[in-house]
Amino acid sequence: MNNWAQLYPQLVLSFQQTIYMVVWTLLIAGGLGLLIGVLLYATRPGGLLRSPVVFHLLNVLVNIVRPIPFIIFITAVGPLTLLVMGTTIGTQAVVFPMATMASFVIGRVVEQNLIAVDPGVIEAARAMGASKSRIILTVLIPEALGPLVLGYTFIFVAVVDMSAMAGYVGGGGLGNFAIAYGYQQFNWPVTLVTVVIIIVVVQAAQLLGNWLARKALHR
Amino acid sequence: MNNWAQLYPQLVLSFQQTIYMVVWTLLIAGGLGLLIGVLLYATRPGGLLRSPVVFHLLNVLVNIVRPIPFIIFITAVGPLTLLVMGTTIGTQAVVFPMATMASFVIGRVVEQNLIAVDPGVIEAARAMGASKSRIILTVLIPEALGPLVLGYTFIFVAVVDMSAMAGYVGGGGLGNFAIAYGYQQFNWPVTLVTVVIIIVVVQAAQLLGNWLARKALHR
Amino acid sequence: MTPVISFRNVSKEFPGAGGSPVRAVDSVDLDVANGEIVGVIGYSGAGKSTLVRLINGLEVPTSGEVVVEGRPLSGMAERDLRALRGRVGMIFQRFNLLSSRTAAGNVAYPLKVAGWPRERRAARVAELLEFVGISEKARQYPAQLSGGQQQRVGIARALATGPAILLADEATSALDPETTKDVLALLKKVNTELGTTVVVITHEMEVVSSLCDSVAVMEGGRVIEHGPVYDVFASPREPATKRFVQSVHGDRPSPETLARLRHSFPGRIVTVPIRDGGTAAGELAGRFAARGVRATIIYGGIGELSEKPFGSLTYELAGADADVDALLAELRSHTPVEEL
Amino acid sequence: MTPVISFRNVSKEFPGAGGSPVRAVDSVDLDVANGEIVGVIGYSGAGKSTLVRLINGLEVPTSGEVVVEGRPLSGMAERDLRALRGRVGMIFQRFNLLSSRTAAGNVAYPLKVAGWPRERRAARVAELLEFVGISEKARQYPAQLSGGQQQRVGIARALATGPAILLADEATSALDPETTKDVLALLKKVNTELGTTVVVITHEMEVVSSLCDSVAVMEGGRVIEHGPVYDVFASPREPATKRFVQSVHGDRPSPETLARLRHSFPGRIVTVPIRDGGTAAGELAGRFAARGVRATIIYGGIGELSEKPFGSLTYELAGADADVDALLAELRSHTPVEEL
Amino acid sequence: SPPPGASSSATAVKIGVADASEAYWQVFQRKAKERGIDVELVNFTDYNQPNPALSQNQLQLNQFQHLQYLANYNVRNHDTLVPVGATAVYPLPLYSRKHRSPADIPSGGQVVIPNDPTNQARALLTLQAAKLITLKGGGNTLSTPADVDTAASKVTVIPVDAAQTAANLPSVDGAVVNNNYATSANLSPQEVIFSDDPNSESSKPYINVFVARAADKDNPTYLDLVRVYHDPEVEAAAKQDLGPTTVFKNNDPAELQAVTKSLEATIQKAGT
Ligand SMILES: Nc1ncnc2c1ncn2[C@@H]1O[C@H](COP(=O)(O)OP(=O)(O)OP(=O)(O)O)[C@@H](O)[C@H]1O
Ligand SMILES: Nc1ncnc2c1ncn2[C@@H]1O[C@H](COP(=O)(O)OP(=O)(O)OP(=O)(O)O)[C@@H](O)[C@H]1O
Ligand SMILES: [Mg+2]
Ligand SMILES: [Mg+2]
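Protein chains in written order, with my numbering: chain U, 1 to 219; chain P, 1001 to 1219; chain X, 2001 to 2340; chain B, 3001 to 3340; chain G, 4001 to 4272.
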C-alpha cells in the first residue's frame, strides 16, 4: 500500500500527462473533427458541397471507427502509430489513437450542430458570391458557435474520459492513476482525490464553455 | 483456443446481451437524459424555467458524473445498483450504471441541440398561453427534432461503446466478446468478425437516424 | 368604461451595445378601450413591438405597470398569466411559425393549447385557412411557403381561438394589397362580431385610416400622440405625426412633384385640406367660378378616414392676381389654405 | 440594347405536399434592360421571390434558361457564378442577417467577400449605416434590433459593394413611410448615379409608381403583364393587374364607402379617370359649370405615376337629369366616365 | 511530457509492468539504482501491450505475465520472447463469504472470476478442481468461459474485471480473486474456501517471469535485475503488496525457457 507522500509525485506526473493528452488530442482532433463534421454536413443531399459519394464514404467511415472498442482500436492502428509517433507506448504515443478516434467523435458532434443553422443565412452568403470555404469558415461555423462551443465542451469531457484508457498502453494520466492507484488498490481516498481533481478540471472547462457559448449566442 | 463452433453460441448470447443493454440503456437514459437536457436548457439564465440554483446544481452534477472513469463509476454506484437491481454483476445489473452515466451524457447532447432552437417560436407558444411543460414537449423538442435525432444516433454509438465495458462486471456483450475471445486471445478473425457485427448494427442505426433527421428537418 | 389594456408609466430598457441601456419604451401611459381597434404607428425602432409585447407579458416592464382586463400583469400567477395569454392572440412581426408543423398544424396549435376537441379543431383550422386563402397549402411546412403565405398562417393562428384581444405586429407587411384588404376586413369582422379589442402596429397608413378607431404615435419609446384617428390625422400636433399623415390620401405634392407641376401649370398653386365639416371640395369650385378664377385640380385626393371624407386638393388658380388674392383671403377665413 | 437579365421560358417546380409538384414559376419570358428599375408585383404566392432568386442562381430552373449579363447561368462555372453574385446585391424578404455578427459586421461581410481592404471597409460600413439611419445600432446584434432596423441592415448589406444589379425582395415591408421614402430615394440614387439595374418585389403600389420604370405582374407563376409602369397602370389588361391598380392613387370608392357617400351626396355619382394627355381635371369643372350642372368632388385623387399625373376623381353631379345625361354623353366621347 | 527513457546513465532499463502502482516497485527501483541500473517502469493496464512493445524494442524487459501467457503470446504472434528469470507464483484461491466449502455452494450459484487472460483459464481450472464446473474436453490452460459445459456444471461462471472479483464478493457465492487484489481489498484468508497449490507441478505454467527478447536472454543487466527482485528487502515489500501466500520462485532461466518451449508446443498442437 502506498502513502500520500509516495503517491504525490506520481499524481503530479499523471496530471501533467492528462493535460498533455487532452490538450494535444483536442488540438488535433478539434481541427480534424471540425473538418469531418463540416464535410458530413456539407456533402449531404442538398448541402453546400453535396456529394453522395463523399457523404456516404465519410458517414460509413465514422461509423466504422466510432464503435470499435478503444483498446482494439489502439492495437489496430498500432502500426500506424509506430510509423507516425515512432513508438506505440507512453503518453505521446497514445495521443495518436486518441486524436484519431476523437476526430470522428467530434465530427459527429459538429455535424449535429451545423444542421441547426438557419439555411437563410447560408443563402445570403451564397448570394454575395462568397466561396464555399469562406461560407463554411465565416458563416456556418460562427452561426453555430454557441452550440459548437457546448459541443466542444462536451467533447472535452469525453476526451478526458478517453484519456483514462491511456493506461492500456502506458500513457498514464489521471484516469489511469485513479484506476491503478485507487480502484485496483481498493484505495478509496486516492480514487476520490483523483476523481475530484478530474472533476475540478472538467468543471472549470464547462464553466468556461458555458460562458463562451452565452457570449457566442448573441440573444 | 476456441473454434467457431464453440464460439458461436457465445457470440449469439453476446449479441443478445448487447441488444439488451443498449435497448434498456437507451430507453431509460433516453428519457432521463431528455429530462436532464431540457432542464439544463430551460433553467439557464433567460430560459423558460430560469433557476440559477437548479441550473448550477445540475450542471455541476453532470460534470461530476461524466468524467468519472466508467469502471470507477460502476464500483461507486455499486451499492445503489445492488439496491435497485438486486445484484451488481451481469447483463441486467450493468444497465443501471450504464443508464445512469448515459443519462448525463444524453443530457448534455440534448442541451446542445435545444439551445439552437429559434427563441421566436418558443415565444409564440408562450404567447398562446401554453404551459411550460407543453411548450417543452410540443414546441421545443419537435423544433429541435432533426439535430436531436442525430444526437440520439450519436448516443447510440456511445452506448454501444460503453456496453463494451460491461465485461467489467460480467455483463458480457459483443464488445466484451471481441476483447475477451478475440483480442485477448490474439484471435484476430474473431475480433474482426465481432467488430464487423458491431459496425453493421451501428451503421444500420445511423442510416435510420439520418433518414429520420432528414424527415424531421422539413426543409 | 374601464380600459381593457392600460399602461401606467411603463418603461422597458434593454442592455445596449456600449453598456448604456436602450430605452425601448419610455414612460408610456396609454389606455385601450374594450372593443376598440387601436393603431400604433411610429418610425422603425420607435418601440412599437416592445410596447405590444408588454401587453401579454412577453416582455416585463423595467418600471411601471401594465394592466390587462383590470388586472396588473406584474405579480400575476403563472396560471393566470397563461389563461390571459389564451385570450390574447398575437401576430408576430417575424411570424414565428413552428417549423416542425404544417400550416394546418400551426393553426391547430393554439386550439390544442386551449383544449379544443379534435373534431372541432379540424373544422376550425379548415375554416381559418380558407379565410386567409391558403387552404391548398394546409399540409406544407413553413419553409415551403412564400413570405405572404407564412404571414397568413400566422394570422390564422392568432385568430384561431377567437381571442378577446388581438395583437397584430405588422400583420399585413408581407401581403399584396388585395390580400391585405381581405385580412383587414377579417380583422374588422372579428372586431365587430366578437367584440375583439385589436392593437395593430402598422406602417401602412391605409391600415390605420381604414381599420382603426384610435391611433397612438410613438417616437423614441414615448407615445407622443394618441386619440381618435380622425382627430390625430386631421390635426396632427407633433412633427412625426405630421410626416406620417403626409403619406396618406391627399398629401401635398413633394418638392420634386411640385417642380414638375409648376412646369405644366404656370398659375398659382394652393393646397386646400378637405375635412369633414370643413369646406367641401364641391363648394370650392362654385366659389372659384364666382370670382372669375379658373381653378384646376392638379394633385391630391379625397379619401375616407374613419368613414369620413379626408384629404387635400392642390389647385392651379388662373386669373387676375387681385382676384386670386381676394379669393384666398376669403377661403383662409375658414380653411387653412396654403400657397405653395 | 441587350437586356441585362433575361428569362427564356423559365419554369421552376418545387415538390409539393401531396406528391404533385408546385409550379412556382411557370414559363416566364422576361427581359430587364440595363439600368432599369423593374417592379415585380403579384398576389402572395404568385412566384415573385422564386423568380428573383433565379436571377442569382439561388434557385436553379426546372426548365428554361436564365441569362444574366449576356451569359446563361446554367453550366456557368462555380467561379464565374460567384463573380456574378458578387455583382448582384440582394435584399431578402426574411432579411437573413448573420446572427453572429453585429449590424456593422453584417454590412462589412460582402465587402470582405469582395476583398476590400480593412480601412476602406470601415468607412464604407459607416457610410451605409448612416444612409439607412442606424449608425447608433452599428454594434448591436440582429436579435437586439427591431424589425425595421434589421431590414435596414439588410438593405445596407445589399448595397455595400455597389452592385451592378440589385434584387430587392420587399425591401421596405418593415419600414415606416418616412424611412421607406428615404430608402426608395437611396435606391433611385444608386440607380441613377451608378446605373444599377434594380428588380424590386413589392406589395406597395407607391413603390412601383414612384420608383419603377417598368412593372411585371405575376399570377400563378406566370408573368401576365409587363411593360412601362404608366402603360400597365393606366390601362391594365388583366383582372389581377386591375385590382392592383385600384389600390393606387385615385381609386374608385369601395362599395361600403360608396354607400356612405350616397348618404351624404344624393346626386348622381360618376368616376372620371385622370390620365396624362386625357381630360385634365381642371377642364371638367368648366364644362360642368357651362352645362349648369353642379359638380362636387367627393372621392378620388390625382397623384403622379412615372412623373405624370395619374388618378381618378369621383364627382357628385347635381342638376337636371337631362343636363347631366348630355354632359356625360359628351364626356364619354373622349374619357371612359363611369356612373356608379 | 514525460521524458523517454533516454537517461544519461549507461544502464537504463525500461520495464513494462501491469502493477506499477504496487509500492514494492519503488523498493525495486531503489535497489536497482544502488547497482547502477536506472529502472523506468512503463505501466500497462492492458496485458496485450507489453509483449509487442518489448518485441519492437520499445521496452527492454517486461514483468507481468506467467509462462502460460507468454507461451500463448509467442505462439499466436509468432514471437520468440523468452523468460529470463522467475519472480513468484501466486495461489488463485476461491473466496466466499456465504459458504464454508465448495460443496456448500448451491447449484445454480454464481462465481465470479477475473476476466484478464492471465488468470481466466487458471480460474476455470481451479473451479473445475473444486468440482464446481465441468470444462468441455477436460479443459486446459487456454480454456475460456465458452468452454464451460453449463449443463454439467453446478455454478454459473461470471468473468469480471479482476478488481471486481473482490469487490463483488459479498453479493456472489464465490469469487476467484488474484492475490494482489485480495491483499489490497483486505480479504481475510479465512474466506478462502478452495485454492490450488502454488508449489505443485501443475502450477508451474503460472510462475511469473521477467521476459526479454530472445537475443537478450543472457544480458547480465537483466539477470542482475532478476536478482534485485529477489533481494530480501524487495521480496518483503512484494509480499506485503501481493499477499502472504505469495511463493517466490527463482528457477533457472534455462528451465523456465524449457517449460515455455513445451507449453508452446502444447498450444501449437491444440491450436487452430
Ligand atoms: N421550397 C419550397 N417548397 C415547396 N413550395 C415552395 C417552396 N418555395 C416556394 N414554394 C411555393 O411556390 C409558390 C411561390 O412562392 P414565392 O415565395 O415565389 O411567392 P411570392 O410571390 O414571393 O409570395 P409572397 O408575396 O407571399 O412572398 C408558393 O405557392 C409557395 O408555396
Ligand atoms: N432584445 C433587445 N436588446 C436590445 N435592444 C433591443 C432589443 N429589442 C429591441 N431593442 C431596441 O429597442 C428599440 C425598440 O425596438 P422595437 O422592436 O420595439 O421597435 P419597433 O418600433 O417595433 O420598430 P420596427 O418598426 O422597426 O419593428 C429599438 O431601438 C431596438 O434596437
Ligand atoms: Mg417592430
Ligand atoms: Mg416572396
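Hints in this document: simulated from the structure, not taken from any laboratory.
Note that the structure is predicted; figures quoted are calculated from it, not measured.
Where a beta carbon is used, it is the ideal one built from N, C-alpha and C, also for glycine.
Some clues are possibly wrong.
With a cut-off of at most 27 Å between alpha-carbon atoms, the simulated DSSO-like pairs for lysine-lysine come out as follows [stated by the list, open to error]:
hint, chain 1, residue 1, chain 2, residue 2
1, P, Lys1132, X, Lys2112
2, B, Lys3308, B, Lys3189
3, X, Lys2242, B, Lys3188
4, B, Lys3308, X, Lys2242
5, B, Lys3189, X, Lys2242
6, X, Lys2308, B, Lys3242
7, G, Lys4239, G, Lys4031
8, X, Lys2188, B, Lys3242
9, P, Lys1215, X, Lys2112
10, U, Lys215, P, Lys1215
11, B, Lys3112, X, Lys2189
12, U, Lys132, B, Lys3308
13, X, Lys2242, B, Lys3242
14, G, Lys4204, G, Lys4249
15, X, Lys2181, B, Lys3112
16, X, Lys2181, B, Lys3242
17, B, Lys3112, U, Lys215
18, P, Lys1215, U, Lys132
Cβ pair distances, simulated, as ranges [said to hold, decoys possible]:
hint, chain 1, residue 1, chain 2, residue 2, range
19, G, Lys4269, P, Val1196, 26 to 32 Å
20, B, Glu3119, U, Lys215, 47 to 53 Å
21, B, Thr3062, X, Asn2009, 41 to 47 Å
22, B, Ser3135, X, Leu2340, 30 to 36 Å
Do the hints match the structure? See the list:
1. P/Lys1132 <-> X/Lys2112: holds (14 Å)
2. B/Lys3308 <-> B/Lys3189: holds (20 Å)
3. X/Lys2242 <-> B/Lys3188: holds (25 Å)
4. B/Lys3308 <-> X/Lys2242: holds (26 Å)
5. B/Lys3189 <-> X/Lys2242: holds (26 Å)
6. X/Lys2308 <-> B/Lys3242: holds (26 Å)
7. G/Lys4239 <-> G/Lys4031: holds (16 Å)
8. X/Lys2188 <-> B/Lys3242: The given pair, whose Cα atoms are some 25 Å apart, holds under the 27 Å limit.
9. P/Lys1215 <-> X/Lys2112: holds (23 Å)
10. U/Lys215 <-> P/Lys1215: violated (32 Å)
11. B/Lys3112 <-> X/Lys2189: violated (51 Å)
12. U/Lys132 <-> B/Lys3308: Roughly 47 Å between the alpha carbons, so the hint for U/Lys132 and B/Lys3308 is violated.
13. X/Lys2242 <-> B/Lys3242: violated (31 Å)
14. G/Lys4204 <-> G/Lys4249: holds (10 Å)
15. X/Lys2181 <-> B/Lys3112: violated (43 Å)
16. X/Lys2181 <-> B/Lys3242: This hinted pair holds, its Cα atoms lying about 15 Å apart.
17. B/Lys3112 <-> U/Lys215: This hinted pair holds, its Cα atoms lying about 23 Å apart.
18. P/Lys1215 <-> U/Lys132: holds (25 Å)
19. G/Lys4269 <-> P/Val1196: 26 to 32 Å: holds (30 Å)
20. B/Glu3119 <-> U/Lys215: 47 to 53 Å: violated (27 Å)
21. B/Thr3062 <-> X/Asn2009: 41 to 47 Å: Check failed, 59 Å falls outside 41 to 47 Å.
22. B/Ser3135 <-> X/Leu2340: 30 to 36 Å: Hint holds: Cβ distance 34 Å, inside 30 to 36 Å.
Of the hints listed earlier, those the structure fails to meet are numbers 10, 11, 12, 13, 15, 20, 21, in rising order.
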